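A.B. asks: Listed here are the chains, written in short residue letters.
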Amino acid sequence: MTRVLVVDDEPQVTHALSRALSRQGYDVLVAADGERAVDLAATSEPHMMIVDLSLPGLNGLEVIKRVRTWSQCPILVLSGVTQELAKVQALDAGADDYLQKPFGLDELHARLRALERRAAPAEETSGRHDFEGLQVNLVARTVEVGGAEARLTPTEWRLLEELVTHPEQLLTHRWLLQRVWDSSHGDETRDALRAHVRSLRAKIGDDAHAPRFIRTESGAGYRWVGVARTAETVLPDWGGSVTGEQDAAELAGVGTRELVHELNNALTAMRMAVQLMRMSDGEVTEDSAAMRASVLERLDGLAWRISVVAVALESRVGDRRGDDVGSDPGR
Amino acid sequence: MALILVGEDDLDVTELLLILLEDAGHETVHVDNGEAAVEAYARSRPDLVLLDVAMPGALDGLEVTRRLRVLEGAGDRGRVPVMLLTARALEEDRRSGLAAGADAYLVKPFEIDEMLQTIDSLLA
Chain A
1 MTRVLVVDDE PQVTHALSRA LSRQGYDVLV AADGERAVDL AATSEPHMMI VDLSLPGLNG
61 LEVIKRVRTW SQCPILVLSG VTQELAKVQA LDAGADDYLQ KPFGLDELHA RLRALERRAA
121 PAEETSGRHD FEGLQVNLVA RTVEVGGAEA RLTPTEWRLL EELVTHPEQL LTHRWLLQRV
181 WDSSHGDETR DALRAHVRSL RAKIGDDAHA PRFIRTESGA GYRWVGVART AETVLPDWGG
241 SVTGEQDAAE LAGVGTRELV HELNNALTAM RMAVQLMRMS DGEVTEDSAA MRASVLERLD
301 GLAWRISVVA VALESRVGDR RGDDVGSDPG R
Chain B
332 MALILVGEDD LDVTELLLIL LEDAGHETVH VDNGEAAVEA YARSRPDLVL LDVAMPGALD
392 GLEVTRRLRV LEGAGDRGRV PVMLLTARAL EEDRRSGLAA GADAYLVKPF EIDEMLQTID
452 SLLA
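From first to last, the protein sequence lines are chains A and B.
The first sequence begins at 1 in our numbering and counts up by one.
The second sequence begins at 332 in our numbering and counts up by one.
Think of the hints as simulated: they come from the structure by calculation, not from any bench.
Here the structure is a predicted model, which means the values were calculated and not measured.
Here a beta-carbon is modelled for each residue, glycine too, at the ideal position from N, C-alpha and C.
One or more hints might be untrue.
[As the list claims (entries may be wrong)] Derived CB-CB ranges, DEER-like:
no., chain 1, residue 1, chain 2, residue 2, range
1, B, R410, A, G80, 53 to 61 Å
2, A, A303, B, S375, 30 to 38 Å
3, B, E370, A, L58, 16 to 24 Å
4, B, E358, A, P154, 35 to 43 Å
5, B, A455, A, T285, 24 to 32 Å
[Said to hold, decoys possible] Quick partial rundown of chain B residues pointing at chain A, CB under 7 Å, derived from the structure:
no., residue
6, D341
7, V344
8, L351
9, R410
This is chain B alone, in the form it adopts within the complex:
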């Protein structure tokens, strides 16, 4: 069982995602914007971070990922896997996601099994 920080602003996606993750035996912390994601990361020390790229506010998923990597560099914690969820299917978007420090990148609408398997492999 892992603690997963979920940053997603879409209400439908959020609710179903949380049920699915909890059903798979994980605990979740949810935020709906980038600033709150950075705060929640520092406060709750999750095992994995799942972020929507297009969140409202000044920090999108890419910027949150960059900041988490900076925070990790400054602290004593190991690298926490980050998975980005996005509706952007362009190769350049995928590259910028990975360049920001994400470990996995899923394009919406994605296969649920693929998401759960990716989470398992990132936590392994």
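So that you can see chain A by itself, here it is in the shape it has in the complex:
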């Protein structure tokens, strides 16, 4: 059971949070002041902490700083509207996210789930990050936008790298400046950060007013909001009726590697189908006839599936050749 330490000095808040979190299956501990919070964090080793910034005695910021000296447990900060600076300081001190009071319980639960996911990330072995219309490969250092390769400057790369490897996390200006430029911050470099974010957005086809990837958190920093795709969500439903053109169009935003994977799956299934036909060759039972009919139908569907993927891949080969001609000064 996930253990959450709630740190707040208002009994109504801790009472409401305890009830709501317990109902969601969390094991809840409560601390009403900063000293008690640090003690409990050390002795009960919570999996997550929710910390109000305004606390009697040791304040929320100090609690976070102390806890961060030994623990990496996710910390969600609760703050009032008037505490913009304190909020930024808390994030810089090591908090992972913040919620502004008053907040809805649904949002609180969603933030906690996001923190839990980040605390136990699936191991990324290939460096690949796939989003709708955008594929980033951090190992090969390639970015594909709608199937076409985008060229980034080294600074834009470092920025993108930090953003995609910290999904849903608020990255403060100061944190990004330190990570991307390895420098202390000032007004001038903060402006530079904004300029690089603007040009990165343009290259990956993002819109600051309706962000699909990079959301501006006013006065605080940026958050990567790109929705990671899985094989389930990106590929057409091959089981339904296939219309060819529609399927090819749906594949426009799918990464090339994903398409090759798709092709290999279809080829694997095809080989198995052929093997099954061979094995049942000469058998005259009703069962084997029904099996052959079912496998034949599937073979037909697989051939169609392969041809649609081949069309999608072929159009990319055409694009790539066009790029080569354009970039070769000798031609």
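With chain A's structure known, arrange chain B on it following the hints.
C.D. replies: Same frame as chain A, now just chain B:
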């Protein structure tokens, strides 16, 4: 005859794979994602696990393999052979598959005879 846990999310591959395995005299349990694979492993105690590397969800075939090895270490069961199926043909991918604890690694599209022979040798 063996009980084989199949973790594969592609519908066509799954259906044909299950027919082939059952035709070869094996019983099968099928799941289409990594989390379900770990659960099914604990529940059904298969003799062999066949996993697609690229399954949807938080756990891919490599991570499932790692978790199965941890579960084995904590329990009283012997080592269950794991075979990975993948569309990744790179040598580094093969190495990471074996490093995760897999016993065999087949690249799609593979030869069916090769798959059946590998299963036989892992079960021997």
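A.B. asks: The structure should be examined with respect to each hint, and the outcome stated for every one.
C.D. replies: A quick look at each hint next to the structure:
1. R410(B) <-> G80(A): 53 to 61 Å: 56 Å, holds
2. A303(A) <-> S375(B): 30 to 38 Å: Because 35 Å falls inside the window, the suggested range holds.
3. E370(B) <-> L58(A): 16 to 24 Å: 43 Å, violated
4. E358(B) <-> P154(A): 35 to 43 Å: Because 55 Å falls outside the window, the suggested range is violated.
5. A455(B) <-> T285(A): 24 to 32 Å: This hint holds: roughly 31 Å between Cβ atoms.
6. D341: With a minimum Cβ separation of about 4 Å from chain A (threshold 7 Å), the hint on D341(B) holds.
7. V344: 5 Å, holds
8. L351: Since chain A brings a Cβ to about 6 Å from L351(B), closer than 7 Å, the hint holds.
9. R410: 22 Å, violated
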